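Protein chains in written order, with our numbering: chain A, 2 to 312; chain B, 358 to 649.
Hints listed in this document are in silico derivations from the structure and should not be mistaken for laboratory results. A hint or two may mislead.
[Unchecked claim] BS3-like cross-link-like pairs, simulated, lysine-lysine; straight-line CA separation at most 30 angstroms:
hint, chain 1, residue 1, chain 2, residue 2
1, B, Lys-427, B, Lys-636
2, B, Lys-459, B, Lys-577
3, A, Lys-69, B, Lys-490
4, B, Lys-636, B, Lys-459
5, B, Lys-427, A, Lys-58
6, A, Lys-21, B, Lys-459
7, A, Lys-21, A, Lys-118
8, A, Lys-69, A, Lys-208
9, B, Lys-427, B, Lys-490
10, A, Lys-118, B, Lys-427
11, B, Lys-640, A, Lys-118
12, A, Lys-118, B, Lys-577
13, A, Lys-208, B, Lys-367
14, A, Lys-118, A, Lys-216
15, A, Lys-216, B, Lys-367
16, A, Lys-58, A, Lys-69
17, B, Lys-636, A, Lys-58
18, B, Lys-490, B, Lys-367
It should be emphasised that the depicted structure is a prediction, and the values quoted were computed from it without experimental measurement.
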Amino acid sequence: MEQTRRAVATRVPLLPFMLKHRALYLMLVPGIIYLLAFKYLPLLGSVIAFKDYNIYKGIWESDWVGLKYFEQFFNYPQFTRLIRNTLAISFFQLIFDFPAPVILALLLNELRHIAFKRTVQTILYLPNFLSWVIIGGFGYMLLSPQSGLINQWIQALGGEPIHFLQSPGYFRSIIVGSGVWKDMGWNAIIFLAALAGISPALYEAAKIDGAGRWKQFVHITIPGILPAVMLVLLLRIGHSLDLSFEQINIFLNPITYSTGDVLDTYSYREGIVRLQYSMTTAIGLFKAVLGFLLLLVANQTSKATTGQSIF
Amino acid sequence: MQFRRTIGEKIFDSLNVIVLIVACITVIVPIAHVIASSLSSPQAIIHSKVSLWPVGFNLDNYETVMRNGKFWRAFGVSVFVVIVGTLLNLAMTVFTAYPLSKSYLRGRNAVLMYIVITMIFYPPMIPLYLVVKEAGLINSVWALIIPSALSQFNMLICLTFFRSLPEELFESARMDGLSEYRMVTRIAVPLSTAIMVTLSLFYAVSHWNSYTASLLYITKEALRPLQLYMYYIVARNEMSDLMSTVNEVALTTSPQGLQMATIMVATVPIVLIYPFIQKHFIKGALIGSIKE
Numbered sequence: 002m003e004q005t006r007r008a009v010a011t012r013v014p015l016l017p018f019m020l021k022h023r024a025l026y027l028m029l030v031p032g033i034i035y036l037l038a039f040k041y042l043p044l045l046g047s048v049i050a051f052k053d054y055n056i057y058k059g060i061w062e063s064d065w066v067g068l069k070y071f072e073q074f075f076n077y078p079q080f081t082r083l084i085r086n087t088l089a090i091s092f093f094q095l096i097f098d099f100p101a102p103v104i105l106a107l108l109l110n111e112l113r114h115i116a117f118k119r120t121v122q123t124i125l126y127l128p129n130f131l132s133w134v135i136i137g138g139f140g141y142m143l144l145s146p147q148s149g150l151i152n153q154w155i156q157a158l159g160g161e162p163i164h165f166l167q168s169p170g171y172f173r174s175i176i177v178g179s180g181v182w183k184d185m186g187w188n189a190i191i192f193l194a195a196l197a198g199i200s201p202a203l204y205e206a207a208k209i210d211g212a213g214r215w216k217q218f219v220h221i222t223i224p225g226i227l228p229a230v231m232l233v234l235l236l237r238i239g240h241s242l243d244l245s246f247e248q249i250n251i252f253l254n255p256i257t258y259s260t261g262d263v264l265d266t267y268s269y270r271e272g273i274v275r276l277q278y279s280m281t282t283a284i285g286l287f288k289a290v291l292g293f294l295l296l297l298v299a300n301q302t303s304k305a306t307t308g309q310s311i312f
Numbered sequence: 358m359q360f361r362r363t364i365g366e367k368i369f370d371s372l373n374v375i376v377l378i379v380a381c382i383t384v385i386v387p388i389a390h391v392i393a394s395s396l397s398s399p400q401a402i403i404h405s406k407v408s409l410w411p412v413g414f415n416l417d418n419y420e421t422v423m424r425n426g427k428f429w430r431a432f433g434v435s436v437f438v439v440i441v442g443t444l445l446n447l448a449m450t451v452f453t454a455y456p457l458s459k460s461y462l463r464g465r466n467a468v469l470m471y472i473v474i475t476m477i478f479y480p481p482m483i484p485l486y487l488v489v490k491e492a493g494l495i496n497s498v499w500a501l502i503i504p505s506a507l508s509q510f511n512m513l514i515c516l517t518f519f520r521s522l523p524e525e526l527f528e529s530a531r532m533d534g535l536s537e538y539r540m541v542t543r544i545a546v547p548l549s550t551a552i553m554v555t556l557s558l559f560y561a562v563s564h565w566n567s568y569t570a571s572l573l574y575i576t577k578e579a580l581r582p583l584q585l586y587m588y589y590i591v592a593r594n595e596m597s598d599l600m601s602t603v604n605e606v607a608l609t610t611s612p613q614g615l616q617m618a619t620i621m622v623a624t625v626p627i628v629l630i631y632p633f634i635q636k637h638f639i640k641g642a643l644i645g646s647i648k649e
């Protein structure tokens, strides 16, 4: 049926085909316009990085200024700080937040007790549904030097209360920790699915050959989950500089700018609050290029070492 | 299945259970601490006596939050955005996914490519802000709805599902003279209620939880949705308004207790529907990951 339709379709010229199925094409129009307006137009609007944005002239009519804003940004005293913070936080997230769900999935996979497994999953999936404002509130309460639970424990052990949210030294740990707290359970789902996809026959055969659980884990489970891990890792590296603005912004304050101010939070303050549109767009473009380079490097490395790649 | 376990395996199994229990406790403790604080007296909070159980139990914090007109206004804005936004999302998703699920549609791959490109290259923050601004949406509740009218990812989930519906069904409906629009509303959608529920929940939770759009596009206090209202209370410590309500009624409250009570009230809708949404979300996450 489908094949005959397709064969007919290729013989009919395009225009009569489109007229005949105009209802289907019309349905696509809102979606196409939406993506054009809110995805493609902002991408094209990045040209204002090379222009002097003028409120009255708008994005397209403003005057060209070449690389002025890139130079301004590169020579900016905070340039190195922003780059260092962005790279450091994305690096720490990659080495802590990324493996956590993989490890969790492997641990859950070894559980024999189904009811216990379900309970653990239900509890660990919950934080994913809480907003960053709510989790930020939890953080403020828990880490408060006057009444927070953590400082109660520190004091009970004879220590001095620590101003966690007001010390630059703790900022990155708080971001990485809260990221694990919110997403570990939920992100494990995809790896659990990969583990469930491993054929039980492989385990049976290994058992008959006398392989213990450790041997089965090393020779069946790990190779079974590796393609999914590499795929998710590559996708993540591609967007690793798109740090969660919602997350960092909720914990950030002027005292922690030195370790926590990243390209996105800075763009928000300078762009939206202080109206430096062209300069902050230049920052966004710079970030996009840097992220793309990271993805290329990761993709090539992965292709050469594990054979996995996304393009 | 397992007949004999070696000592090493027994040790591993016990450690495994302990590690997972610790992980669960790490999730529960912050929530319990916040609930306890929101129900405790200010003296108990200031003298850090509250850990996981309320001390000096009272509901004054909640009463103050509930008496606050601004809280309810923000709550109303959020409810409006969730309802109208989700309905628009569903319409956009279904009507984009349906034509693309027809393998005979010419130009289908081009449109799919057009969509996938927007999933790889995110729209940058500032130019997107300028587009929203030039569209005249700043300080309009529609700025929280229209710029997120469609999730490409959810559309692909819907598309995958529509593709599994038998084409014969639509074929015979076409014979009976049903228009394509009717086929979407009368056949495709009713046959995929499970996926419709999943997608509605995906959209509704993301509308409820988001604060970036309102932080960028809303500067009028009256139009703040709940998450932005809480953002100012929690992260910017703007408590004067809530505290003035306290003075009027002379209740025993504390700034922190009030903050936590506000947060709990916003958390309750999510926690109430969580057991119901969990299994739908997992289904959706799995369809989505297979698609990847």
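query: Honestly, which of those hints from before does the structure not fit?
result: 1, 2, 5, 7, 8, 10, 12, 17, 18
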